[in-house]
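Put together the whole structure using the sequences plus the hints.
If you read the protein sequences in the order shown, they are chains A and B.
Residue numbers for the first sequence, in the numbering used here: -18 to 462.
Residue numbers for the second sequence, in the numbering used here: -18 to 462.
Since the hints were derived computationally from the structure, they do not count as laboratory data.
Some hints could be false.
Same chains, same names: a pair is fine if it fits in one copy or spans any two.
[Stated by the list, open to error] List of simulated lysine-lysine pairs, DSBU-like, C-alpha gap at most 30 angstroms: (1) Lys86 / Lys311; (2) Lys86 / Lys13; (3) Lys86 / Lys43; (4) Lys(-2) / Lys311; (5) Lys452 / Lys13; (6) Lys232 / Lys196; (7) Lys43 / Lys460; (8) Lys18 / Lys311.
There are 2 protein chains.
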Amino acid sequence: MTRLTVDNINPHVRAAKYAVRGELAVKSEEFKALVAKGEAQSLPFDNVINANIGNPQQLDQKPITFFRQVASILENPQLLEKEEVLLNGLGYKSDVVDRARWLLKHVGSVGAYSASNGVPAIKESIAKFLERRDGFPANPANIYLSAGASSGVNTLLHTICANPNTGILVPIPQYPLYTATLSVLDATCVPYYLDESKNWGTDINTVRSAYEKAKADGTDVRAIVIINPGNPTGASLPEEDIRQILDFAAKENLVVMADEVYQTNVFVGKFHSFKAVLRRMQQETPGQYDGVELASLHSISKGMVGECGHRGGYFELCGFDPEVEANIYKFVSIMLCAPVIGQCFVEMMVNPPRQGDPSFELYDKEHSGIFEGLRQRANALHKAFSEMEGVQCGEPQGSMYLFPTIDLPPKAGEAAAAEGRSPDEFYCIRLLEATGICVVPGSGFGQKDGSLHFRTTFLAPGTEWTGRIVKFHKEFMEKYR
Amino acid sequence: MTRLTVDNINPHVRAAKYAVRGELAVKSEEFKALVAKGEAQSLPFDNVINANIGNPQQLDQKPITFFRQVASILENPQLLEKEEVLLNGLGYKSDVVDRARWLLKHVGSVGAYSASNGVPAIKESIAKFLERRDGFPANPANIYLSAGASSGVNTLLHTICANPNTGILVPIPQYPLYTATLSVLDATCVPYYLDESKNWGTDINTVRSAYEKAKADGTDVRAIVIINPGNPTGASLPEEDIRQILDFAAKENLVVMADEVYQTNVFVGKFHSFKAVLRRMQQETPGQYDGVELASLHSISKGMVGECGHRGGYFELCGFDPEVEANIYKFVSIMLCAPVIGQCFVEMMVNPPRQGDPSFELYDKEHSGIFEGLRQRANALHKAFSEMEGVQCGEPQGSMYLFPTIDLPPKAGEAAAAEGRSPDEFYCIRLLEATGICVVPGSGFGQKDGSLHFRTTFLAPGTEWTGRIVKFHKEFMEKYR
Ligand SMILES: Cc1ncc(COP(=O)(O)O)c(C=O)c1O
Ligand SMILES: Cc1ncc(COP(=O)(O)O)c(C=O)c1O
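Here it is in structure tokens:
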């Protein structure tokens, strides 16, 4: 018998759930390996589509040329000694070379550890971006580079959660990083349900009653998480929703954690940052909102950047106690620093080529091409869903996902139960086996009891795969009717 | 009053100590900023030397050309469309292009998330390296890519530590990642002291008595950490020490965590991997050692690679229960994946150019140049220490550090106490203020009561800075005699 068994390891690690990369994802990798080895004859499909995870460059999204050209020089600074080859032989524009020089000047080698909270000059560049975006000052000292937003969330929750009684308000459905991390930390997730009937908006009364109930149970609720634009819902919050949340947080003295990694993936209306709205409220009603503690997170993984594999991101803290920040600094320093090339991608994301720069034209073309492509795919997928029996799906608003409700016949529920599965999981596994398309059951994100969903990205190119879903769904409904 | 205060945040985060990047490191960054701004007139030195952290490329170590050329193509695969420019204009060798193609074929885009435990082909390449290194089979399925070894240690300790009563045997002095992570996890660190009189070797009787004592106190001791070659000690363990530890671990049913990030930084004798020694013992005495669970860690940050900023590493598990491995897989998947370009550096580290390959000659020259440079600096620094009053330091054996004992006059102890500092901390702060050289006090790693040390890397080039230390030390001793 081994010393470590599933029964004696950390029970909180054991309890954590992370469906986005769970059984379905593992199964899809197995199918993929078969396809790669040319051994897919037995499978009813020729290729696997990972619609389970917002991983743009795994599918069709091409990296932005400017970013990658700069990165190639950062990786091999000796290229700067052959500037004429770069410019004439490889067609790099002069601003690519300039940016690489600037970054190398401030970073040193991308192979060296940086300061624990990130390269100072990159933090300054982020602060300037935030000032342009929000119209309010930002202080580089309150900015922390991270290995993707995931690591930022991990840091923040580790600091905030003091014991099992600490409660964190988390939207349901949610990106399971939150519930998984709270499990590992053995803290209390206080779920508040998003309102599907209002485009998955945040209803402040629902938030309040979840909060009141947890408080009545003795939970020390300290923070509220908001994902905007939403994952898995795709919802893009109107300013009014954000105001209500901030007002509520101020009154109840809650830390606000705004996960804004999809801030550029907005199709309907416009993105409102929590920081900008908070600062406006502070201006409008002096004194009333001064005490709000806000942490907002961003990432290079999403948007038109899509550099997931580089693990870059940052969070900004507003209104935090300096001693608490010192502990956050210490915590991140234990892992030394965020990947430095990822930090450089953050810098380029927040400070891309501008009108008039030699690389602007191509950058702009690529950027809007990706944006339009995403919008079109979202709409095409939405249209397909709207024609499927028992499937309901709101209009695409933002992020990279659609999260349709599925109404399955009772017989499907029985077949699922016979396999010890929830009906949505059963549906998704059958979908994968029949079509090679991997999506995530709604239960992976949380959903109201009795309702069923699945989440799919709209990143995969073409419409052929949408057709596969439509066909599968029809057959599934026939079979279990 | 803020919602989060230093008194109500996670007490285990607050309790964690991480001196390598603590007050001294922060102060040295401030000095550096002054120097950079040309405002160092008031300081008694012209430059700051970060000898506090094993960060080769921050100092003199140049990256290996082959690695960086390949990385430049991985970042910008469009370069492959101009192969003749790469080969003729930039002087890239054909094996650089081949490796980049091979990696891209298996990785896809370095901007995409990989599988949670790493790119399958890279895991296979690591397994082949382990087979060549150890002469025993390795299974890619038991290999997990990580964001530096730090993240590997974090994963393993998170899984192993079930509650405050879980004990982990940790060498003292140690790299503080271990004690800091155990603090955050609220688990019990069971210290065993290394034997300074025997070149900081591991004395099995000391280990046993630490273990017995903890057991008698009711601690559930589950694992033993070994850092070989050592940090901060530099000790490189003889095979006999490793055998004794494995034998002890087998008898007491302890998981072995072997931190082997300095495996190529060995000046005296040769590196023995725990895996190879374990497999030999298993062959020699069938049955007796079959149950040993071994996790061994490696990193791209150290050795002649020195790519700290890229955050790459891996760990291999031997003898772990598959259900436990499934939980480890799930845990790493919460953070999605290790930086993909860092994973590619791991592949290149374990599979560098070989004799006969076009890039071999340069690779070999750079590699041995770095190795020799480190050895020479280690010896020069050691010589300087041997001439300093009250300083004792064993011969350099490996890793990147010297860890001399310092014998300070009682008056220095009094002056330290007056500042609320330990004497070694006091010494290191004065050293930084007087010379711009940042080292870490022994208390940051743990040391026997009454003994004092500091740790310095021998990465900084030249001997001028060694002279600064010698001069400072003399004045310090005069002042407090
Ligand atoms: C809402 C949300 N937050 C955070 C993340 C983490 O992304 P990363 O760690 O790659 O920045 C994701 C990834 O899908 C996400 O959807
Ligand atoms: C003994 C030891 N283990 C692990 C690490 C972590 O290194 P990294 O996370 O960069 O691989 C270090 C870094 O100095 C170390 O000295």
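Evaluated hints:
In the homo-oligomer, the alpha carbons of Lys86 and Lys311 lie at most 30 angstroms apart inside one protomer (26 angstroms), although the nearest pairing across protomers, at 39 angstroms, exceeds that limit. For the homomeric pair Lys86 and Lys13, the shortest alpha-carbon distance between copies (14 angstroms) is at most 30 angstroms, but the shortest distance inside one copy (43 angstroms) is not. Taking CA atoms no more than 30 angstroms apart as the test, Lys86 paired with Lys43 passes in both settings, with 28 angstroms inside one copy and 16 angstroms between copies. When the C-alpha separation of Lys(-2) and Lys311 is checked against a cutoff of 30 angstroms, the pair qualifies both within a copy, at 28 angstroms, and between copies, at 8 angstroms.
When the C-alpha separation of Lys452 and Lys13 is checked against a cutoff of 30 angstroms, the pair qualifies only within one copy, where the shortest distance is 21 angstroms, while the shortest distance between copies is 64 angstroms. Proximity of Lys232 and Lys196 under a CA criterion of 30 angstroms is satisfied intra-copy only: 14 angstroms inside one chain copy versus 50 angstroms between copies. In this assembly of identical chains, the alpha carbons of Lys43 and Lys460 never lie at most 30 angstroms apart, being 40 angstroms within a copy and 64 angstroms across copies at closest. Taking identical chains as interchangeable, the C-alpha atoms of Lys18 and Lys311 lie at most 30 angstroms apart only when they sit on different chains, with a minimum of 26 angstroms there against 47 angstroms within one chain.
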